[in-house]
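Colleague: Start from the sequences, fold in the hints, and give me the full structure.
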Amino acid sequence: MIRQGLIHVYYGYGKGKTTAALGLALRASGNGLKVVIVQFLKERASGELAQLSLLPNITILRGKSGKGFYRNMDAKQRAATREIHDNNLRQAIELVNRGECDLLILDEGIDAYQLGLVEEELFGDIINNKPTHLELVITGHKPLEWIIQRADYITEMVKVRHPYNSGIKARKGIEF
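For the sequence shown, the numbering used here gives the first residue as 1, with consecutive numbering after it.
Bear in mind the hints are in silico, worked out from the structure with no lab data behind them. Please read these numbers as outputs of a predicted model, since none were measured by experiment. Any given hint could turn out to be false.
[Stated by the list, open to error] Listed next, the in silico BS3-like pairs over lysine-lysine satisfying Cα-Cα at most 27 Å (straight line): (1) LYS42 - LYS169; (2) LYS76 - LYS15; (3) LYS34 - LYS67; (4) LYS159 - LYS42; (5) LYS130 - LYS34; (6) LYS76 - LYS130; (7) LYS67 - LYS159; (8) LYS142 - LYS169; (9) LYS159 - LYS172; (10) LYS15 - LYS42; (11) LYS67 - LYS142; (12) LYS67 - LYS130; (13) LYS159 - LYS142.
Modeller: Shown next, in the form of C-alpha cells:
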C-alpha cells in the first residue's frame, strides 16, 4: 500500500496518455500494488489490456454502448453508456473503500465527465475526496481547471504529427 497517494493528470491531443497510465499500472503491479483501471468511452480490444488482465492484482472495468465515437451515438446509446460508466466507477470506488485498490486509473475520465457520460458528483468526489493512500491517474483531452488544481503531476501530450492525419488507420499492436 502507498502511504501518500498523489494525483496524476495526463492530457492533450497527442498519443500516449493511456500508454503512460497503463505503463504505471504495470509498474505498480510489479511492485505488489493493487490496480484498478476504469476505461471510459472504450470497448475495442487492445493488446495491453489483454496482457494486464492476466495479472492477479489488476482489475479492469470498461465498456460502452454502441460502436464508434460519442458523436455517432444516439440518445439511447449515450444513456446506456452513462449507466455502464457509473456502475464501473461505483465498483472501482467500492474497491478503493475496501482497501483493494492502491492505484486507480480513470482512463478517458476527463472526456466522459465533460460529455456527461458519468455522474458528475461521483466523479468529482473521488478526485476531491481521494483517500490519502490512493494513487489516482486521470486521462483525457482537455482537463478542467478544478482537476488541474487538484493534480500533483500534470503531463500534457502534444501532437506534433500523427499518421492518422495522413490517412493511416490505427494499427493493431501499435495504437491498440
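Colleague: Are the hints correct? Go through all of them and say.
Modeller: Status of each hint after checking the structure:
1. Note on LYS42 and LYS169: the hinted pairing holds, with a Cα-Cα distance of about 17 Å set against a maximum of 27 Å.
2. With a C-alpha separation of about 30 Å, the suggested pairing of LYS76 with LYS15 is violated against the 27 Å cut-off.
3. Distance check on the hinted pair: LYS34 and LYS67 sit about 31 Å apart at the alpha-carbon level, beyond 27 Å; violated.
4. A hinted pair counts as satisfied when its Cα atoms are at most 27 Å apart, and LYS159 with LYS42 qualifies at roughly 21 Å.
5. For the proposed pair LYS130 and LYS34, the alpha carbon gap of about 16 Å is at most 27 Å, so the pair holds.
6. Proximity of LYS76 to LYS130 is assessed by CA-CA distance (about 32 Å); at most 27 Å being required, the pair is judged violated.
7. Restraint check for LYS67 and LYS159: satisfied, since their Cα atoms lie roughly 25 Å apart, inside the 27 Å limit.
8. About 23 Å separates the Cα atoms of LYS142 and LYS169, which keeps this hinted pair within 27 Å; it holds.
9. The suggested pairing of LYS159 with LYS172 holds, with an alpha-carbon distance near 20 Å, which does not exceed 27 Å.
10. Between LYS15 and LYS42, the direct Cα distance comes to roughly 15 Å. Compliance with the 27 Å bound is thereby established for this hinted pair.
11. For a cut-off of 27 Å, the pair hint linking LYS67 to LYS142 stands: about 23 Å separates their Cα positions.
12. The straight-line distance between the Cα atoms of LYS67 and LYS130 is roughly 33 Å, outside the 27 Å bound, and the hint therefore fails.
13. At roughly 13 Å between alpha-carbon atoms, LYS159 and LYS142 fall within 27 Å of each other, so this suggested pair holds.
Hint violations for this structure: numbers 2, 3, 6, 12, all remaining hints satisfied.
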